[in-house]
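Asks: For reference, the chains in residue letters:
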Amino acid sequence: MKKMETKWGILLAILGILGYFMWNFGPMIASFVLSFTDWGIAGTPKIIGLSNFKELFDDFIFKKSLWVTFYFAIGSVLSSGITAFVCALLLNQSFKFKSIFRTLFFIPAIVPAIANAVIWLWIFNPTFGLLNSFLQTLGLPTFNWIYDEHQVIPSLILMSAWQMGYIMVIFLAGLQGVPQQLYEAVSVDGGNWWHRFRYITIPMMTPTFFFQTVMGLIGALQGFVQPYVMTNGGPNYASTFIVYYIYQNAFRYGKMGYACAISTIFFIIILILTIIIFKTSPFWVYYEAERGR
Amino acid sequence: MRLKEVDKMKRRYINKILLYAVLLVSSFIFSLPFIWLIRSSLMDTGQIFILPPQWIPNPFRWQNFSEALSVYPFGRYFLNNLTIVIFVELGVLLTSTISAFSFSRLRWRGRDVIFIILLTALMVPYAVTLIPTFILWKFLKSIDTYRPLIVPAWFGGGIFNIFLLRQFFLTIPYELDESAYIDGATPLWVLWRIVIPLSKPALLTVAIFTFLGVWGDVLGPVIYLNTPTKYTLAVGLANFVTTYSGQWNYLMAASLVVMLPPLILFFIGQRFFVQGITLTGLRG
Amino acid sequence: MRKKICLILIFSLLFMLTLINLGTSAVEIVFTFWGGPEEAKVMPEVCKIFEKNNPGITVKAMHIPWEDYIAKVSAMLAGGSPPTLGYTMETIALDWAEKGELLDILPLIKKDPDPAIKMENRLPSIAFWYDKKRKTLGTSVAAEVMIIWYNKEIFDKAGVPYPPTDPTKWTWKKFVETATKLTVDANGKHPDEAGFDPNKVKTWGVVFGNWYMVWFPFIWSNGGDLTDATGKVATINKPEAVGGLQALVDLIYKYRVAPTPAQLGALPAYHIALQTKQVAMVIDGQWSLLELGKLVKAGQLKLGVAPLPYLKRPVTGVIGNPIGIYTKAVKDKPEVLDAAWKLYKWLNNSETVLELIRNGLWMPIQKWWYTDPEYIKKWIGDTGIHPPEYKEAVIDYTLKYAKPVPVYYLRNFDKINDIMYQELSNAFLGKISVQSACDEIAKKIAPLLTGRYDK
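Chains as they are written, first to last, in this note's numbering: chain A, 1 to 293; chain B, 294 to 577; chain C, 578 to 1032.
Since the hints were derived computationally from the structure, they do not count as laboratory data.
Bear in mind the structure is a predicted one, so any value in this text is a computation, not a measurement.
Hints are not guaranteed to be accurate.
Lysine to any residue pairs mimicking SDA-like chemistry, simulated, CA-CA at most 20 Å apart [stated by the list, open to error]: (1) A:Lys279 with B:Leu415; (2) C:Lys954 with C:Lys854; (3) C:Lys766 with C:Trp643; (4) C:Lys992 with A:Phe57; (5) C:Lys854 with A:Thr127; (6) C:Lys637 with B:Gly339; (7) C:Lys777 with B:Pro346; (8) B:Lys431 with C:Asp645; (9) C:Lys1021 with A:Phe60; (10) A:Lys2 with B:Trp482; (11) B:Lys523 with C:Trp643; (12) C:Lys905 with C:Val737; (13) C:Lys625 with B:Leu415; (14) C:Lys905 with A:Lys2; (15) A:Lys2 with B:Tyr467; (16) B:Lys301 with A:Val188; (17) B:Lys434 with A:Gly26; (18) C:Lys777 with A:Val188; (19) C:Lys871 with B:Gly339.
Far from chain B by the CB rule (all over 10 Å, computed), these chain A residues [to be verified]: (20) Glu5; (21) Glu55; (22) Gly139; (23) Asn232; (24) Glu288.
Covered stretches of chain C, going by a simulated chain A footprint (3 or more residues, C-beta under 8 Å) [unchecked claim]: (25) 741-753; (26) 807-817; (27) 840-847; (28) 997-1009.
Quick reminder that beta carbons are idealized off the backbone N, C-alpha and C, glycines included.
Please construct the entire structure, taking both the sequences and the accompanying hints into account.
Replies: Pasting the structure below:
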């Protein structure tokens, strides 16, 4: 049995592994090697050892962007995750026009990125934007949103919550996977919706939550479009995400080697974080198929 | 007895009303930018940015659509999109399924370590891998073809999809597999006959995301394609905006049209998001 | 039998003809560019006319979306197959030239008798020199200056005289007075009247973006500069430079004739804002004439143009990206170099791109367009969009008072510019003083000030 499993296991995984080594591994190694060079795309790379890393140590923009990126990533994963889960629960019930409502909730994920940026610039506008107009009609204080260095990250976190369509769909799929029998069993035993939620839904959803935590973090930490299209990394570096700074160095400042050095450090951080999350998973993730261990 | 029933009915009725109220308000909030998109697509660029916003175009510029779609050959782009998306979908659905199956329901040495190694592919930003990847494809003589956009889909379809399916597969009880193996089934049979039928929502999710990924990808086509007739819809949209100006009304109109296929597909697809699997009746 | 011989003869003839065709294969060159729909339409047309005039050369004109232009061209370059020639971002052009990726065209210019290509016949302010002025990339493919566009109707209604077209007469004091008279809130009050509400402004006197093409003319006008003449010492925090930036910030918070950055975000694009009378004057680039002109032609805007006001001396900034020829594409390939050079000359001779000049997007680069009445007529005659003040306020102004922004000569300007933008953002939001922002800038750009390309 074990031999068959090993044989089939490797056989079925071979394409994925091959794909990694063909399209990902090479470029990753290349960028790692480049972090020890000084290269501006123009000209030839010049090996400079650890100079890039020494420079990073003193780079105030790099340090600020690390803080900014993590602040945003954690906030974004939480806000979009919670919003997505609530919406998925809502849309998992049976009622009329379910299809239409689900599609409406998902629309933000389909709006093309450029149009999306323009729309949100309007929403965030302090003078006439949607958010401030709404707050004013309720008599609540207004904000400067992306025009204030202390409010720009919370604003972007809010924007993430609205763009939770993808995550909501994943959670919906996860909810579908919970066997109906389990809910019925709880009802038969006299439990109410809270018991069903606490003892069936949540545990059965932990594999999906695990996925979202890992992927959500990896994705949010690499946010790029917001500073690139909406805020230019400001005000006062407050929305300079790491990947944005990497892009600037790679293509605009002529410092591809330096950009690769930043990526290397960033990669190590993300990898360690991911491994930690994986290692903690036995404590909170429940897999019906114990084969996951 | 009767009072209790009436009470229960009343409560259910109120719950339903509450539910609809919440749904209506939330969906209005979520679709507001979409409404903004629609009204902008029917306006002159000048009107789009006047604040406070005008919600009714005046006049209705229906010609935005015909004009926007004729600035660049969007018909051609649509055919290109179709070509790419069909091959990518097939590749992703086939190869990510078998990969995820291997990582979740078969035990073999080094499996989990290799999984994390595959995950590292997502941890390096594109800005630094762009050029080495480009050089790789140049070496494979694939510049100005669709190969860089399609071939990786056939090699696992991306660790994102493999991870997603793996998590989902892990929620299916292993007893089902076990009994099949006892009866002499091969893993492929188990995959095809047991796991896949129980994973429709997850597979649909992967299909939808893959579709959206192809539909919205600008960077891939721009970097690898040199012939304008091979461009895709996303590239066409990107061309409406430059450093100093943009033809926003055309961008909005064209965006709306480009959004329609994914929207319709999602609407149809999510019907298959049906609650619950049954554990009984799976003798096979 | 006779039929068979005939067929064989015909086929051999055809075969020989194809051989002849193969023998004279055309040279293909690749030209990359970015731009909106107008450029996307005109550039390939210009290339087609070039092909007609130069049989034997085919041009593949590649239009690449702006947002990914640098990534794509970098990939092509690093991958060993750069375009033959193309637009190059002005912020990276000299770096690539110095590293040998772009061709130094000075030797080619010296050999070529064509007067349009000579550096001395082009505007000196738009030249890209490097290697201590021994090498050059040529000039920007088009010139663009900063000026003031204004809505004449607003001036008429308020009874305010139009700005002078003579740059020496447009003093800062007069400028602020004009703007004050034109700024009006929802209750009809001006900024110098009691009860003026800056949160309810109906028309702004003047509007400007927060970027280097706006900062530098005023820094210079006040007698200051980013660095000293060597490009190695920061002078941005000296009183003259600070004063120039302070003047801009004062327009927002002291004189209240200009919107805050947040309020600016609420305004539509400049040409719309002018037309809908939300702003009276705009400090903007000449290129806006493309969109403004459409409104003028439709009779929806009475457009006026004026030079920038001056603090201590009149000056404006000029900008424009160059076209670079890629060394790797022409090395050891004399026919390709020849074809590339011919196209380079074609595109850099403003005569061939006249359509983009007459529709207001570009300004020409040869000097005679600014001095010869016949050429001036070709430029602005009967276009229906260039205001009557254009000759004095733009053409003469550019010739006499345009100064190149640091992107033409300063190393690391792109990163320095980003630092300036971030540090000044809080000054323009009114949160910190301009002096403290400039002190921070001076401190942070010190390691980046490694000198100039042309010295």
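Asks: Next, verify each hint and record whether it holds.
Replies: To see whether the hints hold, each was checked on the structure:
1. Simply put, A:Lys279 and B:Leu415 have alpha-carbon atoms about 19 Å apart, close enough for the 20 Å limit, and the pair holds.
2. This hinted pair does not check out: C:Lys954 and C:Lys854 have alpha carbons roughly 31 Å apart, beyond 20 Å.
3. At most 20 Å may separate the alpha-carbon atoms for a hinted pair to count; C:Lys766 and C:Trp643 exceed this at roughly 43 Å.
4. With a C-alpha separation of about 18 Å, the suggested pair C:Lys992 and A:Phe57 falls inside the 20 Å cut-off, and the hint holds.
5. Only pairs whose Cα atoms come within 20 Å are accepted, and C:Lys854 paired with A:Thr127 is accepted, the gap being roughly 18 Å.
6. Under the criterion of a C-alpha separation no larger than 20 Å, the hint pairing C:Lys637 with B:Gly339 is inconsistent with the structure, at around 35 Å.
7. Distance check on the hinted pair: C:Lys777 and B:Pro346 sit about 16 Å apart at the alpha-carbon level, within 20 Å; holds.
8. Restraint check: the Cα-Cα separation between B:Lys431 and C:Asp645 comes to about 19 Å, which is no more than 20 Å; the hinted pair holds.
9. For the suggested pair C:Lys1021 and A:Phe60, the alpha carbons sit about 9 Å apart, so the restraint of at most 20 Å is met.
10. Between A:Lys2 and B:Trp482 the CA atoms are separated by roughly 17 Å; this keeps the pair inside 20 Å, and the hint holds.
11. A C-alpha spacing of about 18 Å is found between B:Lys523 and C:Trp643, which places the hinted pair at or below 20 Å, so the restraint holds.
12. Restraint check for C:Lys905 and C:Val737: not satisfied, since their Cα atoms lie roughly 58 Å apart, outside the 20 Å limit.
13. Among the hinted pairs, C:Lys625 with B:Leu415 is inconsistent with the structure: their alpha-carbon atoms are about 44 Å apart, more than 20 Å.
14. In summary, the hint linking C:Lys905 to A:Lys2 is not supported, as the alpha carbons are separated by about 57 Å, beyond the 20 Å threshold.
15. Restraint check for A:Lys2 and B:Tyr467: satisfied, since their Cα atoms lie roughly 15 Å apart, inside the 20 Å limit.
16. As the CA atoms of B:Lys301 and A:Val188 are separated by approximately 18 Å, the hinted pair is consistent with the 20 Å bound.
17. Our distance criterion of 20 Å between C-alpha atoms is met by B:Lys434 and A:Gly26, whose separation comes to about 17 Å.
18. Annotation: proposed proximity of C:Lys777 to A:Val188 is violated, straight-line Cα distance about 64 Å (limit 20 Å).
19. Between C:Lys871 and B:Gly339, the direct Cα distance comes to roughly 12 Å. Compliance with the 20 Å bound is thereby established for this hinted pair.
20. A Cβ of chain B approaches the Cβ of A:Glu5 within 10 Å, the least distance being about 5 Å, so the stated non-interface status is violated.
21. Every CB of chain B is more than 10 Å from the CB of A:Glu55 (nearest about 16 Å), matching its label as outside the interface.
22. Against chain B, the non-interface label of A:Gly139 holds: every CB pair exceeds 10 Å, the least being about 18 Å.
23. Non-interface call for A:Asn232 relative to chain B: holds, since the shortest CB-CB distance, roughly 13 Å, exceeds 10 Å.
24. Look at A:Glu288: its CB is around 5 Å from the nearest CB on chain B, not clear of 10 Å, so calling it non-interface is violated.
25. Here's how the region 741-753 of chain C fares: 0 of its residues keep a CB closer than 8 Å to some CB of chain A, so the rule of at least three is not met and the hint is violated.
26. For the region 807-817 of chain C, the stated coverage by chain A is not satisfied: 0 residues place a CB nearer than 8 Å to a CB of that chain, which falls below the threshold of 3.
27. Counting residues of the region 840-847 of chain C whose CB lies closer than 8 Å to any CB of chain A gives 3, so the stated coverage by that chain holds, three being the minimum.
28. With 6 residues bearing a CB less than 8 Å from a CB of chain A, the region 997-1009 of chain C meets the requirement of three and the coverage assertion stands.
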